[in-house]
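Residues per chain, in single letters:
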Amino acid sequence: MSWFRRLLLVEWSGLAAAIVLGAIALSFIAPNFLTEFNIYVMLRSLSVGLLVAFAQMITLGVGQMNIAVGALGGLTAIIFGATMELYGFPIALAVPVALGIGALGGLINGLLTVRTGVNAFIITLATASAFTGVDFGITGSIPFYKMPAALVAFGDRHLSAIPYLLVAPLIVAMGLGVFFSRTAPGRQLLAFGGNPHAAELSGISRERVVVSAHVLSGLLAGAAAVLAVAQLGSAQPTIGADWLLLSFAAPIIGGAALTGGHISVLGTMFAVLLLGLIQNGMVLAKVDPYWVQFVLGALILAAVGLNRWRAVESGAA
Amino acid sequence: MELAIESVSKSFPGVQALDGVSLDLKAGEIHALMGENGAGKSTLIKIVTGLLRPDSGRVLLNGRPVAFGSPRDALRKGVSAVHQERNLIPRFSVGENILLERLPVRNGLVDYGAVEREARRYLDLLDPGIDARAEVRSLSVAQMQIVEIAKALSLETKILLLDEPTASITEHETAALFKVLRKLREDGVAIVFVSHKLEEVFAIAERVTVLRDGRNVARGTLLSEMTRQTLVSLMIGRAERVAEIGERRIDPARVVLEARGLSTERGHRDISFALHHGEILGLYGLVGAGRSELAHAILGAERISAGALLITGRPVRIRDVHDAARRFRMGYVSEDRKQEGLILMHSITRNVAITIWRRLANAVGLINPRSETRAVAPFIARLDVRTPSLGQIVGNLSGGNQQKVSIAKWLAAESQILIIDEPTVGIDIKTKTYLHELIGEIAREGASILLISSDMAEMITLADRILVMHGFRLVGEVVNDHRYETTSKAIMGCVHAVADFEPAAAG
Chain Y
17 MSWFRRLLLV EWSGLAAAIV LGAIALSFIA PNFLTEFNIY VMLRSLSVGL
67 LVAFAQMITL GVGQMNIAVG ALGGLTAIIF GATMELYGFP IALAVPVALG
117 IGALGGLING LLTVRTGVNA FIITLATASA FTGVDFGITG SIPFYKMPAA
167 LVAFGDRHLS AIPYLLVAPL IVAMGLGVFF SRTAPGRQLL AFGGNPHAAE
217 LSGISRERVV VSAHVLSGLL AGAAAVLAVA QLGSAQPTIG ADWLLLSFAA
267 PIIGGAALTG GHISVLGTMF AVLLLGLIQN GMVLAKVDPY WVQFVLGALI
317 LAAVGLNRWR AVESGAA
Chain U
44 MELAIESVSK SFPGVQALDG VSLDLKAGEI HALMGENGAG KSTLIKIVTG
94 LLRPDSGRVL LNGRPVAFGS PRDALRKGVS AVHQERNLIP RFSVGENILL
144 ERLPVRNGLV DYGAVEREAR RYLDLLDPGI DARAEVRSLS VAQMQIVEIA
194 KALSLETKIL LLDEPTASIT EHETAALFKV LRKLREDGVA IVFVSHKLEE
244 VFAIAERVTV LRDGRNVARG TLLSEMTRQT LVSLMIGRAE RVAEIGERRI
294 DPARVVLEAR GLSTERGHRD ISFALHHGEI LGLYGLVGAG RSELAHAILG
344 AERISAGALL ITGRPVRIRD VHDAARRFRM GYVSEDRKQE GLILMHSITR
394 NVAITIWRRL ANAVGLINPR SETRAVAPFI ARLDVRTPSL GQIVGNLSGG
444 NQQKVSIAKW LAAESQILII DEPTVGIDIK TKTYLHELIG EIAREGASIL
494 LISSDMAEMI TLADRILVMH GFRLVGEVVN DHRYETTSKA IMGCVHAVAD
544 FEPAAAG
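From first to last, the protein sequence lines are chains Y and U. Positions in the first sequence are counted from 1; adding 16 to them yields the numbering used here. Positions in the second sequence are counted from 1; adding 43 to them yields the numbering used here.
Hints are computed from structural coordinates only; laboratory data are not their basis. Don't be surprised by glycine CBs; every beta carbon is placed ideally from N, CA and C. Mixed in with the good hints, there may be bad ones.
Claimed, not checked - List of simulated lysine to any residue pairs, SDA-like, C-alpha gap at most 20 Å:
| no. | chain 1 | residue 1 | chain 2 | residue 2 |
| --- | --- | --- | --- | --- |
| 1 | U | Lys381 | Y | Arg222 |
| 2 | U | Lys69 | U | Pro108 |
| 3 | U | Lys381 | Y | Glu216 |
| 4 | U | Lys226 | U | Asp256 |
| 5 | U | Lys381 | Y | Ala33 |
| 6 | U | Lys69 | U | Lys381 |
| 7 | U | Lys201 | U | His215 |
| 8 | U | Lys473 | U | Asp427 |
| 9 | U | Lys240 | U | Arg225 |
To be verified - What follows is a set of in silico ranges between Cβ atoms, one per label pair, in the way DEER data are often shown:
| no. | chain 1 | residue 1 | chain 2 | residue 2 | range |
| --- | --- | --- | --- | --- | --- |
| 10 | Y | Tyr103 | U | Arg180 | 49 to 57 Å |
| 11 | U | Asp313 | Y | Arg324 | 50 to 58 Å |
| 12 | U | Asp313 | Y | Thr132 | 51 to 59 Å |
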């Protein structure tokens, strides 16, 4: 059994196994699972989720939380929609503006956290409410429907089963992989997450690290919002309302330490895939959607349990 | 009650921590347990109290084998331990901490009057000055240690295991602790006493068990039949060596770091000194004298309220440690390596390279892992860090090796001014000698060192001059002639002169 134990010690091994087994099982249960169209639909809905998960993964890496991911996503989405529908911005201008709004929201979170010394959980809990308020205040909860055709087309197009939308999170994933393993700011971010005090006394600037983590997190929440608008074909003020649970579930299932200092890009991606698979499978099997919530909760508990076991086995506990 | 440990073995991934270790403890004795860091003392204590399970061997209580599933099981049988790690709840009162799992209750509510009275009984044995109602976080480290011991006493302990109880307390408090231990011994309590301080062991214990690399090299040997030298050579496997610091060239004309009338928001008043190129300047004082806080102020981590700080003759304002490291090539080896020095969950490579990542990055900002390893490896080799690989998680290293990693990162950063805070607290004799020689070597290579220590012998071995700090002021300066008698007398003279003058500021 030792090879099996060793395999379990690799972070994403359990996930990969679950995905393969799940896919095999689904292809038997639901004959339409392995169709090109179904896989396209599944991957398309995953694209937004991947960016949302990455947005939270970054704040987890620095040992903090961003409760405002969804709220910031919603605000960015309607501003993105408004600039195009009301002000006639071309897509090439509206996208950078939207990303800028996301980053700005992150900057506000980061600066408030650093300057007040208050826990980011509280700060982002408050800004989440504020962002949502602005979101609904501007729109009166009425969506923007007239999106440019090119944007909607981008949201629909696909190359066999691969949606164009998936390209964005894949590029971001590669970028984050390099950022965390190969660049000084990325390493410093994780070092700070691992032990803020020691990192600071090693000459790492607390302010710079925390603010940049929140800016990156906001930027990715903004990017997720842009993809969500493209996918839905309209800028809904409710975009982001259901992101929070997934944003924590995926990085944690993927092996991130809640206390900071350790994250896994690949693990997070596998986790999003697994969650998408479960959701898709339950829809195909016509299971009551409420049970999807239950399964998600059970899965988080199982993943945390496995992480704990891994920590004890490798002597890190 | 008697405790017998019979050929206990325990291994962790990659390490055989204990290999057939035995120890027998009689009622009414104080039994010293000694060995270098990583010899397995703490592991042994954790096995006895049920925190770890042995791979083989057994623990017997009054001749009957026991296997405690948890510390709670052990406590119920009268076995308790005071570990090196603090196990107190900071925001609870001293009394609540002492009586935590059996708080006295009246009418369904906690009876705080009874908590205080009950806790008082045990505190009075140790240190009547500690307020049972005070929050634990308001206490000094030494007082917390006393509270932990009071907690163990309150459990009607028959077997008491003390893992380095005196590592962070003053001589005065140690004397008080010893009085209590002797009284407990009279009452028939069996005590295992772990310490690196030989004087203490000879003063308090009757017998000694020595571990080296997880094996017994002495088992219950009478201390009266041993000398200091035989004990040391048992622990380190050869005769003790005196650190060779060697000659250094100090350039009195080159002042690298100077403080002029520095005052801080933490309470330092009118601090002035000069650190010369290649010099080791000692900063002596007892715990609580304000030494580490001064270091933090110099590094920009504490607010300076008046006075000036000069680096190579120019007045500077240092914003934070980041600024100190980058602009002025300053480094700080913290007193608390676990909390402030290292990222325990990360590898050796990352912990050392943390100071040089920006330098290692290429034109587009990428770090090549191979060049990172190449930059780190020489320091790990030079400092003789014992590890299977550079990828090893720092949390798995022994204390001495962790301290080496903590120093290595500043060597890698080519620090010109190094503030080293209590470099050898809780570090074994062999590594201590090594670290002393290393500090001498760093200074010889041209770095200037501000050495903070409350270890008198360490000061006298290493420092060129010694500043004496008391109550957040500098109260004297002693030129070190490297003779223990004269220099220690001069230092204590400085401390006592002010302490007698204003006893309220003591501590």
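*Which numbered hints does this structure break?*
4, 5, 6, 7 and 12
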